[in-house]
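Heads up: the sequence lines are chains R and G, in that order. Numbering of the first sequence is given in our numbering, commencing with residue 1 and proceeding in unit increments. Numbering of the second sequence is given in our numbering, commencing with residue 1 and proceeding in unit increments.
One thing to keep in mind: the hints can contain errors.
[Unchecked claim] Reference listing, derived: stretches of chain R covered by chain G, where coverage requires no fewer than 3 residues with Cβ under 8 Å from a Cβ of chain G:
#1 49-57
#2 182-196
#3 262-275
#4 308-318
#5 361-373
#6 410-416
#7 453-464
[Unchecked claim] Partial pick of chain R residues on the chain G-facing surface, computed with a CB cut under 7 Å:
#8 G25
#9 F28
#10 S78
#11 A128
#12 G131
#13 S139
#14 S142
#15 Q146
#16 E212
#17 G233
#18 P236
#19 A376
#20 G379
Keep in mind the hints are simulated off the structure, nothing from the lab. In this text the structure is predicted, and so the values were computed from the model without any measurement. For glycine and all other residues, C-beta sits at the position ideal for the given N, C-alpha and C.
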Amino acid sequence: MAAQPDMLVDPNLAQRVLARALRRGGDFAEVFAEDRRATSAVLDDGRVEELASGRDRGAGIRVVVGETTGFAHTADLSEAGLLAAAEAAASVARDGESRTVVFGDPKGVAVSGALRPGDAVPKADKIALLGRADDAARSAGSAVAQVSASYGDSRRRFLVANSDGVLAMDDQVRSRLAVSVVAVGDTGRQTGFESVAATSGFELFDRTDVAELAVAAARRALGKLVARPAPSGAVPVVLASGSGGILFHEACGHGLEADHVAKATSVYAGRVGELVASPLVTLVDDGTVGGEWGAFAVDDEGHPAGRTVLIERGVLVDYMWDGVRARKEGRSSSGNGRRQSYRHLPMVRMTNTFLLDGTADPDEIVSQTPHGVYVAKLGGGQVNTATGDFVFGTTEAYLIEDGHLTEPLRDANLIGNGPEVLSRIDAVAGDFAMTPGTCGKDGQSVPVGCGQPTLRISSVTIGGTAGA
Amino acid sequence: MPEPSVDLARLARSVAEQAGRGEEIEVYASRSVETDVRAYGGEIEVLSQAASAGIGVRVVVGGRQGFASAGSLDAAVVAETVREARDNAVFATPDDHVGLASPDGVAPAGLELWDDSVPSTPPERKAELALELERRTRSADPRIRQVSSADYGDLAVEAAVATSTGVLAGSRRTVCSLAVSALAGDGGHTGVGISAGRRLEDLDLERAVADAVLRSTRLIGASKGRSGRCTVVFDPRVTATLLAVVASALSGESVTKNRSMFAGRVGEDVAAPSVALVDDPTDPRAFSSAAFDGEGLACRRNALISGGVLQGFVFDTVAARRAGTVSTGSAVRGGYASTPVAGCRAVQLAPGHQSAEEILAAVGEGLFVQSVTGVHSGVSAVSGDFSVGAEGLWIRGGSLGAPVREVTVASTLQRMLHAISHIGADVEWLPGLAAGQTIAIADMAVGGE
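Just need the whole structure built from these sequences, with the hints factored in.
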């Protein structure tokens, strides 16, 4: 068993810092200290171009007074550095009563469940993964013109202490491998991408077929060389299992974040208890799913990760909450307070968000679609939570004609409105799968998981250049 | 404030001088202070003050490059970062093209990019700006239902690059901005207004308010469009977004690695004859202007497209060596934690002579696009495939008509560059790597119901 883990900031010092932060009053104060180490390696153009290491350590301090939050961060974890940041964060407070803080029992784990965190893995082993990916992708077809493979691992330890008496720690280990391929043919260039990512140590690659992943990226690029332009207009769309959890993340997940709801910048504000989706839809956000990319023990405000049913059989059940929004509503956080680093304020964020299985057969969903588009893989997306309007891009798609997949299609964006699309889901299969992603909100990126079984949306607008 | 007294250039040079025999070292050190204020509901929602500093070290030995970075200028941390970069270099594949920049004799432009008012103005005054921005937007028009955010933000950053090959460059700059997001009508139509500058007095609060109000209110009642093909007129901000994607395909890094639709096309017609595109970081009007690039060489004006003909690409040292040429002073880096890469910094499309109104009148019938979504998922600088979500107004009888939302606009970048039929005189200098003006592009596919 390891010795007493480094707590980053001694709890007694954290108490003094919080007392300083509340010196001029305030409803809430928090200190978040973080130590992050990361390694990345890139193979491009047949060569290992670079191995890079990054180290970041510091603390963010916030003070909440009524509706106002003061925030400051520092890379200096000494008592002087932390107290100076506490003073800056406290500048929003005026003439209040000072008070002291007593912590409860520590929450969260200080020891990661990862078997082989990146900092304990020889660099040569990480590099070897990239060579395997490059070889496999290049052997997938003579039209493969370029391969880039990137490896990344990170270990993020933090301590969070607040004036409610919360004292919590987490040790988050993540690993990722991504392959992107360019294929060149008479029709021009096309790209393919595939990745694996998990809250896990290097053992992730014991259970990942790296060559298969690289070939999947290459096939995606090669297939599009012979693809025809996607149609333009409204068509039925079948999303393959695990291909398009991003749709639920964008189309409704962001609108169910309590900060958007509170500001009435969500189309779902004030609609708990209402039917907001097809009865086939049950949507869950769950930070506790072991190993998934968006999983953790405690969130970045010290609350345990949770499982929140957002929509149950089409009915809106609840939103996702961070500590600040929950406090205002007199309820508890759902464990959705997340931040990119100690330099950022936490806000309501998704963890792993997914649609639960239905009962249909995935092959029958296709065979019962006379005409439409089958999306085997989606890329990124974007939503305006105030209108619910979203877009997301296809990176592998096929035409469905007479119930069969026929020609591959070039990349295009799908556009729709969240509530409308959710109500148009008319078939859900039982073949659930997850995909890792990176979610951006207000300039902050955090790892998230998305997932869904094969399903059909009766009508979505696709932005190709051919007639629908 | 971490180590406010450290002279960044001296620190960078002293570390770079530790290079051993057969070894090259580059050190990038930076330090910044920033303030961000968000107003909401008549109160300050967030006041954030932050100071950051960090170092990034590249070591090249025997054609192998290693990199390490740390968010600290502490001597012990710097020493560990150098060790780690050296250790990382062992694992790279040897490549004769890999190496650091050397002084190339090009003199840096004399640019004044710093104003003391940004770091020295008290946060209370900045908070007042955010509050006033919110208050004025809310009261500007009865159709504004909500101001979802009103932000003031600034950044003052100092940086230095030094190499064991003789490069030494230091720079500093300030930026500040106002941004407000207004929601109009029952549909939650969103309009964002922005104003940015290098000095607080550059900020035009009235303009940001007017922009947000116009952009949100004119979408009230927007409906989905019908599918078809038509001429599309892009708002200056959308043009800037489009040019940024085109610019990414003009990076020597993308080109030498077969990841650009422009690879192998220098000297060919790639755009309409009226198109002239330059990357000129020495133009002080650009918010991203700079005297030095990410490797410490002087930034310079690079012609990209002239008379519709592709002139060339932008290069950093490594991409230039791969292509058998020399750096164009175009290394960009995201900060101390990332390595430099070839890229454009301040792209401008040469303005035409028409106003936006004259272009609408000339187009007659079509779609005016105010904002686009899904650029990162639907536009590829590799294939040129272009598909975005759009909102805006129909152009009817030569002027703006009914509002439209939830349509797609699609083509390929290659076809779009050739189909540019009008270029406006109304250049807007915007935060980001490209300026923009009103442009019209013929024959795009609009997808709706």
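Status of each hint after checking the structure:
| no. | hint | result |
| --- | --- | --- |
| 1 | 49-57 | holds (count 9) |
| 2 | 182-196 | holds (count 6) |
| 3 | 262-275 | holds (count 4) |
| 4 | 308-318 | violated (count 0) |
| 5 | 361-373 | violated (count 0) |
| 6 | 410-416 | holds (count 6) |
| 7 | 453-464 | holds (count 4) |
| 8 | G25 | violated, 15 Å |
| 9 | F28 | violated, 14 Å |
| 10 | S78 | violated, 11 Å |
| 11 | A128 | violated, 10 Å |
| 12 | G131 | violated, 9 Å |
| 13 | S139 | violated, 18 Å |
| 14 | S142 | violated, 14 Å |
| 15 | Q146 | holds, 4 Å |
| 16 | E212 | violated, 23 Å |
| 17 | G233 | holds, 4 Å |
| 18 | P236 | violated, 14 Å |
| 19 | A376 | violated, 15 Å |
| 20 | G379 | holds, 4 Å |
Checked against the numbered hints above, the structure breaks hints 4, 5, 8, 9, 10, 11, 12, 13, 14, 16, 18, 19 and satisfies the rest.
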